[in-house]
Amino acid sequence: DAGVTQSPTHLIKTRGQQVTLRCSPKSGHDTVSWYQQALGQGPQFIFQYYEEEERQRGNFPDRFSGHQFPNYSSELNVNALLLGDSALYLCASSLRQVYGYTFGSGTRLTVV
Amino acid sequence: KNQVEQSPQSLIILEGKNCTLQCNYTVSPFSNLRWYKQDTGRGPVSLTIMTFSENTKSNGRYTATLDADTKQSSLHITASQLSDSASYICVVRRLSGGSYIPTFGRGTSLIVHP
Numbered sequence: 012d013a014g015v016t017q018s019p020t021h022l023i024k025t026r027g028q029q030v031t032l033r034c035s036p037k038s039g040h041d042t043v044s045w046y047q048q049a050l051g052q053g054p055q056f057i058f059q060y061y062e063e064e065e066r067q068r069g070n071f072p073d074r075f076s077g078h079q080f081p082n083y084s085s086e087l088n089v090n091a092l093l094l095g096d097s098a099l100y101l102c103a104s105s106l107r108q109v110y111g112y113t114f115g116s117g118t119r120l121t122v123v
Numbered sequence: 163k164n165q166v167e168q169s170p171q172s173l174i175i176l177e178g179k180n181c182t183l184q185c186n187y188t189v190s191p192f193s194n195l196r197w198y199k200q201d202t203g204r205g206p207v208s209l210t211i212m213t214f215s216e217n218t219k220s221n222g223r224y225t226a227t228l229d230a231d232t233k234q235s236s237l238h239i240t241a242s243q244l245s246d247s248a249s250y251i252c253v254v255r256r257l258s259g260g261s262y263i264p265t266f267g268r269g270t271s272l273i274v275h276p
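Chains A and B, in that order, are what the protein sequence lines are. Quick note: the first sequence uses the numbering used here, first residue 12, plus one each step. Quick note: the second sequence uses the numbering used here, first residue 163, plus one each step.
Please keep in mind that the hints were generated in silico from the structure rather than gathered at the bench. Just so it is clear, CB atoms sit at the ideal spot from N, CA and C, and this is done for glycine as well. Treat the hints with care, as some may be off.
Label-pair ranges, simulated between beta-carbon atoms [to be verified]:
#1 B:Asp-229 to A:Ala-91: 26 to 32 Å
#2 A:Ser-18 to B:Ser-261: 39 to 45 Å
#3 B:Pro-276 to A:Ser-18: 32 to 38 Å
#4 A:Ala-91 to B:Gly-260: 29 to 35 Å
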């Protein structure tokens, strides 16, 4: 039973570029949440997708957008990258927005 | 303001010793509180989850307590092992607009020395 899988594991981008991160939820889960974790900090909630719609959003600018597909997988897109966007991006899946969250191992994004 | 504060920020102990990590929160309305263990560069893994009516919950050598009146939680690790070296994150969820929104603490970095 595969857990939450994220791709790629590492990524280096140049300031001003755009990036897409991908997440496949744990089997049986239908809700995907995205988090940004800066070095030495706790994760910060970006947004949550359920039934292919953004249901909740944290305090992140519109440069951060996402999508959920019919198979429950999800993408996180970040436009006009800033140096401060460098972080570990975590995806977590759950069932119906309520039950236990399972985290992926994350994508380490470095903006240079 | 919904906040989760953890202490200490970092902790170094010897293998075999016990330790206690603290979590204070102001999140409201409270739904549940989870402790996660996060190894460096990895995603967090859930250790315990506690709801309003639960005071204590154990998972092997990990025991979490919750005082909903004072809005405090602790994670006690017994007979520490080298593999316990990690960041321990306290997460408190509140119910908002039909969804459960998490607020994460910054974590306590635990280092266990042989």
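Right, here's what the structure says about each hint:
1. Checked against the hint of 26 to 32 Å, the pair Asp-229 (chain B) and Ala-91 (chain A) fails, with Cβ atoms roughly 45 Å apart.
2. Distance hint check: the CB atoms of Ser-18 (chain A) and Ser-261 (chain B) are about 26 Å apart, inconsistent with the given range 39 to 45 Å.
3. For Pro-276 (chain B) and Ser-18 (chain A), the Cβ-Cβ distance of about 36 Å falls inside the hinted range of 32 to 38 Å, so the restraint holds.
4. Checked against the hint of 29 to 35 Å, the pair Ala-91 (chain A) and Gly-260 (chain B) passes, with Cβ atoms roughly 32 Å apart.
In summary, the numbered hints that this structure violates are 1, 2.
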